[in-house]
Amino acid sequence: MAELQFREAIRAAIDEEMAQDEDIFVMGEEVAEYDGAYKVTEGLLDKYGSKRMIDTPISELGFAGIGVGAAMNGLRPIVEFMTFNFAVLAADQIINHASKAKYMTGGQVNVPIVFRGPNASAGQLSATHSVSYDAMYAHFPGLKVIYTSEPADAKGLLKSAIRDDNPVLFMESEQMYGLKGEVPEEDDFTIPIGKAKVKREGSDVTVVAHGKMYHVAKQAAQQLDKEGVDVEIIDPRTVKPLDIETIVKSIQKTNRCVIVDEAHPFGGLAAEVGYLIQREAFDYLDAPVQRVTLPDTNAPFAKNLFDEWLPSPDQVIDAINTVTYRK
Amino acid sequence: MADKKEKTEEVTFTPTGTGIRTNGEIIRSTELPDPTDKKHDELGLSDDDVIDMFEQMYLQRRFEERAMQMYQKGKFGGFLHLYMGQEAISTGTAYALNDDDDIITAYRDHGWGLVRGVSPKEGMAELYGKETGCSNGKGGSMHFANVEEHFWGGYGIVGGHIPLGGGIAFANKYKQNGRVTACFLGDGAVPQGVLHETMNMSQNWKLPCIYAVENNGYAMGTAVHRHSTGEIVDRADGFDMKKMVLNGMDVFTVYEKMKEIAADIRENSEPWFIEIRTYRYRGHSMSDPMKYRSKEELEEYEKLDPVERIKNYLLDEDIIDEDKVEEIKNGVEDKVMDAIEFAEESDYPEKEALYDHMFVEDDYPFHT
Ligand SMILES: Cc1ncc(C[n+]2csc(CCOP(=O)(O)OP(=O)(O)O)c2C)c(N)n1
Ligand SMILES: [Mg+2]
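Just so you know, the sequences run in chain order A and B.
Numbering follows the working numbering, in which position 279 of the first sequence is assigned residue number 279; successive positions increment by one, without gaps.
Numbering follows the working numbering, in which position 111 of the second sequence is assigned residue number 111; successive positions increment by one, without gaps.
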C-alpha cells in the first residue's frame, strides 16, 4: 500500500494507462502547461509531450465533441472539465452524441471516452459552480457514471473507466484532491465498474453515501458510535450501473436506511435508490427510508447560508435517529 | 485514391509558448495600439470630469487592494478575481455611455459595480457575504449587480452572459428606447461558440450592442495566442460587423472610442465588435502562482498603469497639485476603510434567506 492524495491517485491511473496505450491522450483547459487547474495532471506534459497532453481553449462543447469524434475514430480520449459545472456547455456532445452514436449506427462505432473532473460544490462559489451532476447524466441510457470518495477507489475505477469501450463520466471533488488514503501498489490494480463497497460494517442502520458525502456520513457514524449506534456505510462508487444488490443485502441485515446525496432532492440518486429499496427490500424495512440532500434551492454565497445548504453530519444523525426511532 | 505522403514531423496541437516554456523567450501576449493624443478638453471633458475619473479609478484600485488583504486574512471566502490594471476600461466606458445604457460583464466585475453605483460598502459587504451586500450576500465576488443603474451584473460561466447582453439589446430595440448595451467579455470567452452565435444574430437583427473583449493577455494560465487563432478583432469580419482595436490602458482612449461607437449605434442600430487591449496585474484568482508569464512582462505593463497615467496627466496639466492628489487618495482610503468596517459589522443573511429570490411567489412549495 502507498499513501496517496486523491489527485495523485488519479494522476497515477492516467499515467499508468497512458504508458501502456499510445492512443490515450488528455485534453482540457489548463491540463498541460499549467499542470492542471487542480494539479491533477502535474508533470504529464513533460512526460508525454504536447501531442498527448493538450490544452484547449474555453470551448467545452467543441472539445468534448472533438473528443467524441476522436474516440469514434479509434483514439481513447480523457477529456477533463475544470468542473462538471462547466460540462453543462458540453451536454449536447455527452448526451446526444457520446451516449447515442453506437446505438444510432447499429453498433458500427464505439465511443471509448472518459469525461472527468470535479463535481458538485467546492465551498462558497455560489450558484453556477456548485451543482452535482452525477444523477443527471445517469438518467441517460448509454453513459456510465462514477463518483468516488477515496483515493484507492478513484485509482482503480479510473483505470477501468479508461479501459472501458463505452463513454464513462468520472467525477471527483476539488475539496477531496488533497485527501490522503492507502492505495494498493499491486501491478495493474483495477476495480470493476458497477460494484458498491461496504465501507463500514454495522448492524443498526444502512447509510448509502458516495463522493464527498461519504465523508459526511462517516463523521455521523463516528459520532453515533459513541452513542452505541452501529452504522453500516455503503459507498455505491459507481452511480450507473448501480449496485443495488449490495445495498439490499445490507438492509436485509439492518432493516433501516438513510441515503446521503450532495444533489437536490427531486429525481436524484437518493430518489432512485429509495425507489429501488422499496421494490427490492420492502418486507425488510422497519422504517420509511430517509434521505439527506441539498435543499431545493440554488447554492448561496454567504458562508452561513452555504453551511446551511450543504448536507451536514448533524442532518445525517437526525435522519438516522428518525429511522431508528431513537428520538 | 490520392497518394499519401509519409509523415515524419512530430505531431503537435496547441501552440506552446508562454514566455517561460519557450526557451526563455518572452512573447508579449498583446500589443497595445497607440492611445489617443487628444487632451481632455478636446474630448469634451472638463477639469472636474478628469479629477472625478481619477478618483473613480483610484477607488477601484484601492477597493481591490484592501479586499485582497482582507481575503488573505481569511475574512471571507470564495473566488476573488481582481480587475487591477483594467480600470481605464470600466471608467472610460461608464463616462462615455449614458447612465441608462446597459452594461453586463463576466465575473471580474468589482470595477464595473463600483463605476455603476454599487457603493464601496455594498460591494465590500457582498464580498463578505453579508445581507447588506449589493446582491444580498447571495452572489459574492463574481456576482456584483446594480440593475437599477443598468449594471446587469457579473456572471461566472465563461461566455454565458454574452447572449444575455444580446438579449438586453434586443429588448431595447424592441422597446425603441434608444439605449445602447455594452457587453464585456474576456479574451478567454472568445473561443466559446455562443459568442459566434450571438454575433451572427446581432448583426442579422441589427441589435444595438457593443461586444467588447477585454483582452488582458491571458485566460487563466493560457496566453491569448495559445487559445485563439489570428487577431481576436477579426472575428467581426465573418459577420460583416463593425470593429475596432483600442488601447485599454488609457482612460481617455476608452472614453473617446466608446463615445464614438455608442453614437454610431444610436444612429444606425448596428452592433460593434471591439477588442480592448489591457493587462491583468494580479493572478487569475487568489490561488494563481503565475508561472505562465514573466516578471519582465508584468513590469512592462506596470509602467503603463492606467491609474498612475491619469494622475500624472492631472499633475502635468496643472489641473491639480500633489496635495490635492493626496487629499483625493486619503478620501478614497477612508471610504474603503469605512466599507470594510461596514461589511464586518453587517449581519449575515437570515437562515430563511436561503429560500428567498428563488421564485417570484413567496409561497412556492419547495420540494423536500
Ligand atoms: C464555461 C466555463 N469554463 C471554464 C471556466 C473556468 N474559468 C473561469 S475564468 C477562466 C478564464 C477566463 O479568461 P478570460 O475570459 O480571458 O477572462 P479574464 O479572467 O482574463 O478576465 C476560466 C477557464 C468557467 N468559469 N466557465
Ligand atoms: Mg483574459
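Hints in this document: simulated from the structure, not taken from any laboratory.
We treat Cβ as the ideally placed atom computed from N, Cα and C, and that holds for glycine.
There's no promise every hint is true.
Unchecked claim - With a straight-line cut-off of 27 Å between C-alpha atoms, the simulated DSS-like cross-links for lysine-lysine are:
(1) K327/A <-> K351/B
(2) K39/A <-> K351/B
(3) K351/B <-> K303/A
(4) K100/A <-> K159/A
(5) K73/B <-> K303/A
Stated by the list, open to error - Among chain A residues calculated to face chain B with C-beta under 10 Å, some are:
(6) M1
(7) E3
(8) Q5
(9) E30
(10) S50
(11) A101
(12) T105
(13) G107
(14) L242
(15) D243
(16) P300
(17) F301
(18) K303
(19) N304
We went through each hint and held it up to the structure:
1. K327/A <-> K351/B: Roughly 24 Å between the alpha carbons, so the hint for K327/A and K351/B holds.
2. K39/A <-> K351/B: Distance ~36 Å between K39/A and K351/B Cα, so the pair is violated.
3. K351/B <-> K303/A: 11 Å, holds
4. K100/A <-> K159/A: 23 Å, holds
5. K73/B <-> K303/A: 16 Å, holds
6. M1: 31 Å, violated
7. E3: At about 24 Å, which exceeds the 10 Å cut-off, the nearest Cβ of chain B leaves the hint on E3/A violated.
8. Q5: Violated, about 17 Å.
9. E30: OK, holds: E30/A within 10 Å of chain B, min 5 Å.
10. S50: Holds: closest Cβ of chain B sits about 5 Å from S50/A, inside 10 Å.
11. A101: Interface hint status for A101/A: violated (20 Å vs cutoff 10 Å).
12. T105: T105/A check fails; min Cβ-Cβ to chain B is 24 Å, beyond 10 Å.
13. G107: Status violated, d = 28 Å.
14. L242: This interface hint is violated because 22 Å lies over the 10 Å limit.
15. D243: D243/A check fails; min Cβ-Cβ to chain B is 27 Å, beyond 10 Å.
16. P300: Interface hint status for P300/A: holds (5 Å vs cutoff 10 Å).
17. F301: It holds, given that the least Cβ distance between F301/A and chain B is near 4 Å, below 10 Å.
18. K303: 5 Å, holds
19. N304: 4 Å, holds
Checked against the numbered hints given earlier, this structure breaks hints 2, 6, 7, 8, 11, 12, 13, 14 and 15; the rest are met.
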